Amino acid sequence: MHEWALAESVIKTILGVAEKEGIDRIVEVKIKIGEMQQLEHEVFKTALTQLKPVELEDTEFKIEVDKTRLKCKVCSHEWFFKKEIFGEEVLEAIHFLPEVSHAYFKCPACGSPDFEIVSGRGIWIVSIRGLRKND
Amino acid sequence: MIDPRISVIQDRIKNIEKIVAVSSGKGGVGKSLIASTLSLILARKGYGVGLFDLDFTSPSTHLILGVKELEPVEDKGIIPPTVHGLKYMTITYYSTEEAMPLRGNDFSNALIELLSITRWGHLDFLIVDMPPGIGDATLDIIRFMNGVEFLIVTTSSILAFETVRKLVRMLKDLGVSIAGVVENMKTGTSIIKQEVSKMGVRFLGEIPYDPKIEEKIGNAYELLETNFANSIEKILVSSRLAESIQG
Numbered sequence: 001m002h003e004w005a006l007a008e009s010v011i012k013t014i015l016g017v018a019e020k021e022g023i024d025r026i027v028e029v030k031i032k033i034g035e036m037q038q039l040e041h042e043v044f045k046t047a048l049t050q051l052k053p054v055e056l057e058d059t060e061f062k063i064e065v066d067k068t069r070l071k072c073k074v075c076s077h078e079w080f081f082k083k084e085i086f087g088e089e090v091l092e093a094i095h096f097l098p099e100v101s102h103a104y105f106k107c108p109a110c111g112s113p114d115f116e117i118v119s120g121r122g123i124w125i126v127s128i129r130g131l132r133k134n135d
Numbered sequence: 001m002i003d004p005r006i007s008v009i010q011d012r013i014k015n016i017e018k019i020v021a022v023s024s025g026k027g028g029v030g031k032s033l034i035a036s037t038l039s040l041i042l043a044r045k046g047y048g049v050g051l052f053d054l055d056f057t058s059p060s061t062h063l064i065l066g067v068k069e070l071e072p073v074e075d076k077g078i079i080p081p082t083v084h085g086l087k088y089m090t091i092t093y094y095s096t097e098e099a100m101p102l103r104g105n106d107f108s109n110a111l112i113e114l115l116s117i118t119r120w121g122h123l124d125f126l127i128v129d130m131p132p133g134i135g136d137a138t139l140d141i142i143r144f145m146n147g148v149e150f151l152i153v154t155t156s157s158i159l160a161f162e163t164v165r166k167l168v169r170m171l172k173d174l175g176v177s178i179a180g181v182v183e184n185m186k187t188g189t190s191i192i193k194q195e196v197s198k199m200g201v202r203f204l205g206e207i208p209y210d211p212k213i214e215e216k217i218g219n220a221y222e223l224l225e226t227n228f229a230n231s232i233e234k235i236l237v238s239s240r241l242a243e244s245i246q247g
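Line by line, the protein sequences give chains A and B. Numbering-wise, the numbering used here puts 89 at position 89 of the first sequence, and it's gapless, one number per residue. Numbering-wise, the numbering used here puts 238 at position 238 of the second sequence, and it's gapless, one number per residue.
The hints are simulated quantities; they were obtained by calculation from the structure and are not laboratory data. Do not rely on the hints blindly, as some may be mistaken.
To be verified - Calculated lysine-lysine pairs in the PhoX-like style (CA-CA distance at most 25 Å, straight line): (1) A:Lys-20 to B:Lys-234; (2) B:Lys-45 to B:Lys-193; (3) A:Lys-12 to B:Lys-234; (4) A:Lys-52 to A:Lys-12; (5) B:Lys-234 to B:Lys-45; (6) B:Lys-234 to A:Lys-45; (7) B:Lys-166 to B:Lys-212; (8) B:Lys-45 to B:Lys-14; (9) B:Lys-198 to B:Lys-212; (10) B:Lys-186 to B:Lys-26; (11) B:Lys-26 to B:Lys-172; (12) B:Lys-172 to B:Lys-45; (13) B:Lys-166 to B:Lys-193; (14) A:Lys-30 to B:Lys-76; (15) B:Lys-166 to A:Lys-32; (16) A:Lys-12 to B:Lys-76; (17) B:Lys-45 to B:Lys-76; (18) A:Lys-67 to A:Lys-20; (19) A:Lys-133 to A:Lys-52; (20) A:Lys-62 to A:Lys-73; (21) A:Lys-67 to A:Lys-133; (22) B:Lys-193 to B:Lys-234; (23) A:Lys-83 to A:Lys-52; (24) B:Lys-76 to A:Lys-62; (25) A:Lys-67 to A:Lys-30; (26) B:Lys-76 to A:Lys-52; (27) B:Lys-14 to A:Lys-52.
As the list claims (entries may be wrong) - Far from chain B by the CB rule (all over 10 Å, computed), these chain A residues: (28) Glu-55; (29) Thr-59; (30) Trp-79; (31) Ile-85; (32) Glu-99; (33) Ile-123.
None of the values given here were measured: they were computed from a predicted structure. Idealized CB from N, CA, C, for every residue including glycine.
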């Protein structure tokens with residue numbers, strides 16, 4: 001369950017930002033998760049809940065999914081990731097490491113493996129809302 | 001937007017005593033064979049050793065070690081499986097033997113993902129088998145792995161060595177540690193030793209060309225019995241890499 005490893009990185013980053021910005025109470029954190037990561041949201045939320053220290057006790061985590069858009073570098077064709085057409089082993093490999101999609105995906109228009117993952121990979125902290133000590 | 005993965009990379013590697021990047025200017029000089037054999041020798045001496053194949057587009061250490069049907073264990077991240085006494089990480093767990101072309105940004109993203117989710121635990125050594133050149137992998141390893149030390153491989157060819165010059169110059173400019181330079185596949189006389197000394201870098205030794213080494217690929221135990229492995233053992237001593245590490 002590498003959802004835990006990623007949740008740990010989110011908590012650490014939030015605490016780092018809070019310290020740097022002098023935020024005393026973090027109210028809300030918006031997180032964007034790439035569709036390609038295929039993270040188990042419930043596992044990820046459980047990990048966030050269990051890993052968060054007292055400083056984040058009242059923090060609300062809002063999670064949104066970033067849809068996967070791929071663009072061919074050769075013919076500029078754009079397409080979306082369709083999970084259904086891949087077997088379980090390929091999906092699991094992509095779950096751990098979305099870049100290995102370059103081993104399994106080809107542009108549906110020209111057949112090239114030279115494509116860009118425009119969106120839908122990774123995990124991002126979109127915003128952190130909180131109150132400063134003097135607010 | 002902030003990529004949170006970067007924040008945990010130092011935590012993931014904080015219990016590693018020494019990180020050694022086996023690097024070169026050009027490909028085909030024997031980095032993977034040296035990185036694999038060096039790892040096996042250190043493990044045989046009783047050190048805790050990890051081997052990380054960073055040559056994502058052309059990985060080969062799994063072939064050298066004869067690794068088949070292995071995969072990492074998932075436990076709040078991923079735990080590299082142990083092979084011949086090494087904690088071993090390769091992208092081939094996920095890419096299998098498929099061709100996987102990666103542009104720079106994809107390479108960096110894959111590296112950040114693996115560094116942020118791989119739980120190495122305590123290691124005396126993490127040996128990193130680098131792709132050739134001074135591109136994304138070299139820049140990213142310097143960026144993310146504080147304290148990394150470079151062990152540079154060349155052949156006797158001036159073509160290979162001239163690219164080593166550039167690598168050494170860049171590492172020196174960036175203040176990155178260089179363990180020294182190894183001359184691999186040595187036949188006859190060469191100028192490498194003198195040229196390395198002129199650069200103010202330690203020459204760690206030479207490995208004579210061994211036409212039989214190819215037969216040992218895929219068999220880690222036989223690989224350790226070769227003259228090639230004996231030469232690397234001597235290089236390990238001259239590199240002083242293990243001097244401060246209590247195995």
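Outcome of the hint check:
For the hint linking Lys-20 of chain A to Lys-234 of chain B, the alpha-carbon distance of about 49 Å lies beyond 25 Å, and the restraint is violated. Annotation: proposed proximity of Lys-45 of chain B to Lys-193 of chain B is violated, straight-line Cα distance about 28 Å (limit 25 Å). At most 25 Å may separate the alpha-carbon atoms for a hinted pair to count; Lys-12 of chain A and Lys-234 of chain B exceed this at roughly 43 Å. With a C-alpha separation of about 9 Å, the suggested pair Lys-52 of chain A and Lys-12 of chain A falls inside the 25 Å cut-off, and the hint holds.
Between Lys-234 of chain B and Lys-45 of chain B the alpha-carbon distance is near 13 Å, which keeps this suggested pair within the 25 Å criterion. Under the criterion of a C-alpha separation no larger than 25 Å, the hint pairing Lys-234 of chain B with Lys-45 of chain A is inconsistent with the structure, at around 52 Å. Of the supplied pair hints, the one linking Lys-166 of chain B and Lys-212 of chain B is violated, its CA atoms being roughly 32 Å apart against a limit of 25 Å. Of the pairs offered as hints, the one joining Lys-45 of chain B and Lys-14 of chain B holds, with about 22 Å between alpha carbons and a cut-off of 25 Å not exceeded.
For a cut-off of 25 Å, the pair hint linking Lys-198 of chain B to Lys-212 of chain B is broken: about 33 Å separates their Cα positions. Between Lys-186 of chain B and Lys-26 of chain B the alpha-carbon distance is near 16 Å, which keeps this suggested pair within the 25 Å criterion. A C-alpha spacing of about 18 Å is found between Lys-26 of chain B and Lys-172 of chain B, which places the hinted pair at or below 25 Å, so the restraint holds. Taking the CA atoms of Lys-172 of chain B and Lys-45 of chain B, the gap is near 31 Å; set against the 25 Å cutoff, the hint is violated.
As the CA atoms of Lys-166 of chain B and Lys-193 of chain B are separated by approximately 17 Å, the hinted pair is consistent with the 25 Å bound. Among the hinted pairs, Lys-30 of chain A with Lys-76 of chain B is consistent with the structure: their alpha-carbon atoms are about 22 Å apart, no more than 25 Å. For the hint linking Lys-166 of chain B to Lys-32 of chain A, the alpha-carbon distance of about 40 Å lies beyond 25 Å, and the restraint is violated. Distance hint between Lys-12 of chain A and Lys-76 of chain B is fulfilled; the C-alpha atoms sit about 15 Å from each other, no more than 25 Å.
Under the criterion of a C-alpha separation no larger than 25 Å, the hint pairing Lys-45 of chain B with Lys-76 of chain B is inconsistent with the structure, at around 30 Å. Note on Lys-67 of chain A and Lys-20 of chain A: the hinted pairing is violated, with a Cα-Cα distance of about 31 Å set against a maximum of 25 Å. For the given pair, Lys-133 of chain A sits about 20 Å from Lys-52 of chain A by alpha-carbon distance, which is consistent with the 25 Å threshold. For a cut-off of 25 Å, the pair hint linking Lys-62 of chain A to Lys-73 of chain A is broken: about 33 Å separates their Cα positions.
With a CA separation close to 37 Å, the supplied pair Lys-67 of chain A and Lys-133 of chain A exceeds the 25 Å bound. Annotation: proposed proximity of Lys-193 of chain B to Lys-234 of chain B holds, straight-line Cα distance about 16 Å (limit 25 Å). This hinted pair does not check out: Lys-83 of chain A and Lys-52 of chain A have alpha carbons roughly 32 Å apart, beyond 25 Å. Taking the CA atoms of Lys-76 of chain B and Lys-62 of chain A, the gap is about 22 Å. The hint holds against a cut of 25 Å.
With a CA separation close to 16 Å, the supplied pair Lys-67 of chain A and Lys-30 of chain A stays within the 25 Å bound. In summary, the hint linking Lys-76 of chain B to Lys-52 of chain A is supported, as the alpha carbons are separated by about 15 Å, within the 25 Å threshold. Taking the CA atoms of Lys-14 of chain B and Lys-52 of chain A, the gap is near 21 Å; set against the 25 Å cutoff, the hint holds. The Cβ of Glu-55 of chain A lies farther than 10 Å from every Cβ of chain B, with a closest approach of about 16 Å, so its non-interface assignment holds.
The beta carbon of Thr-59 of chain A is kept farther than 10 Å from every beta carbon of chain B, the shortest such distance being approximately 14 Å. For Trp-79 of chain A, the shortest C-beta to C-beta distance to chain B comes to about 17 Å, beyond the 10 Å cut-off, and the non-interface label holds. Distance to chain B confirms Ile-85 of chain A as a non-interface residue, since its nearest Cβ pair spans about 16 Å, more than 10 Å. Listed as a non-interface residue, Glu-99 of chain A fails to keep its Cβ farther than 10 Å from every Cβ of chain B; the least gap is roughly 4 Å.
With a closest Cβ-Cβ approach of about 6 Å to chain B, Ile-123 of chain A is found to fall inside the 10 Å limit, against its non-interface label.
In summary, the structure is inconsistent with hints 1, 2, 3, 6, 7, 9, 12, 15, 17, 18, 20, 21, 23, 32, 33 from the numbered list given earlier, while agreeing with the others.
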